[in-house]
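Single-letter residue listing:
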Amino acid sequence: MAGLFLLPALALYALFVLFPIVQAARYSLYDWNGLEALDQFVGLANYQRALNDPVFRGSVVHNGLIVVLSLLIQIPVALALALALNRRFHGRAILRLVFFAPYVIAEVITGIVWSLILQPNGLAEHLLEAIGMGDAYHPWLADPGTVLYALFLIITWKYFGFHMILLLAGLQGIPREVEEAAEIDGATRWQALRHVTLPLLGPTLRVSVFLSIIGSLQLFDLVWVTTRGGPVNASNTMAVYMFDRGFVRFQFGYGSAVAVILFLICFVLALFYQRWVLRRDTEGATTYG
Amino acid sequence: MAEPTTTVGSVAVERRRTGPDTRARVVRRVASVVRYVLLLAVAAVIVTPVLYAAIGGFRDAPQLAANPVAMPDPWVWTNYTDSLFSASFWIQLKNSVLVAGLSTIVVVLFGALAAFVIARRQFPGREAAYTLFTLGLLFPVTVAILPLLILVRDIGLLNTPFGIAIPEAAFGLPLTIIILRPFFRSIPMELEDAAAIDGCGSLGFFFRILLPLARPALVTVAVLAIVSSWNQFLLPLVMLSDASQWTLPLGVTNFSTQYTTDTARILAYTTLALIPALGFYVVAERQLVGGLTAGSVKG
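Chains Y and Z, in that order, are what the protein sequence lines are.
Each residue of the first sequence is one higher than the last, beginning at 35 in my numbering.
Each residue of the second sequence is one higher than the last, beginning at 105 in my numbering.
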């Protein structure tokens, strides 16, 4: 009986989620262009090639940089805004609506609009000129030295609201009395925040951090429409590299090996995170893990 | 810290007379002003790009090149009207709606059926099935996209809405099941027993009692599915080579590479593509927030 209810979902899931991942592992052992027969078995050569390719290694580093920047800047910004919105004042609802809005704007649209803003003679340059700082303008997306930071700012624009919403929901689950009790006991606002609110917000923060890491590792849409990984591979991510090798150059076997590496990185990270970080939390808070 | 305003200043004078209580009030007052200013600054950063796109669409290329900061002079309507009268915009809109509708129906129906037995029935392998689904949150479409193309090609769904909607639904199952399970579990067993006594089988209970009762949760997962399908880019990029099947994200991207020099036209088209998503957001914000937080925060 239970099987009948479970079957449609399980079949769909097995065919379109699990099976392709197994297939990726299989394809990764072949030299294959996706069209001819799958008979050029090469063992682990594709993996070896990826790990020795400076462009791929660079893209791993780029993903890593985005992860680190997200944790150091995006989450604290989201937390500060969540704290600011976690009290009653006029306009709170509308500000929340505005801050979260970029989450529903497609990455593709976000990328197109921002690259028009940042391009030479675009809005950014004119705004800087208008406040007398025209010299500060730089074609950030076109410079290999700054492109990743520019992309990171666009990512932050789009996603800080998402983390803010999660953290705000977490904050609203903390009874006001707890902080008040701390303040009555002589704690300053800051101490109450540091020693009472933040620890209680821990489970939500950890989920937010986890989602931020996984999201940063899979970054594709935004990069593809703004820079395609350029200039000179300076903004390549693992997913962009995989797409380029697999679909643009028809190296399906090699692209699959890259996909498997990306998957393994996410998987190991998730296991580690689940084991060492989320574990401390109650069951309800770890529904994501 | 901001300069104290005159009101704050006069209260500060008062403080010397009345002691530390008023001082705390001044600090709070200043903090609240600073907070407002910062929050409004952040709001401006969020709103500016969207307004720039919407207003920029009303310029012509020379205006935009001369000064993208000022208001359009004169307001040029042709960028918007050209896009609105082009067949391709409406075809892409229709395709996006069709794909989002299909994938949402499949993921909500299949997800609800599975969540029902996982939440309310004892059977061997129940926890294993649930774990298997939750693991899916770690499998992004990105990782599976090459084999997915081969699979969709082999079953003959390339260049069809199904070729996108079905994989989307499959990848949406984990979150749907995770959100629905606690809702379904919270509906009292007595209700199901009573229904059974009245001759209502599992299927009847599911469709006639459980689903209507769980409507808020179903709306929530449907909203999440619609938003994620609406913004999906990688799947259409890979599966749809036929322009008549393109969804809006693909159409917008293509439009922007086709008219690289005509920024105003791109802005108009992008704005038009953005309107349905923002409109939907304003209507469904509550469900969207509820769904995302239910999936990740205890509650």
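Mixed in with the good hints there might be a few duds.
To be verified - Which bits of chain Y does chain Z cover? Going by a derived footprint, with three or more residues having C-beta under 8 Å, they are: (1) 38 to 51; (2) 96 to 102; (3) 158 to 170; (4) 242 to 254; (5) 288 to 302.
Unchecked claim - Computed footprint of chain Z on chain Y, listed as stretches where at least three residues anywhere in the stretch have a Cβ under 8 Å from a Cβ of chain Z: (6) 115 to 123; (7) 208 to 218.
To be clear, the hints were calculated from the coordinates, so they are not data collected in a lab.
For each residue, glycine too, the CB sits at the ideal point set by N, CA and C.
Report task. Please flag the earlier hints that this structure goes against, numbers listed from lowest up. Result -> 2 and 7
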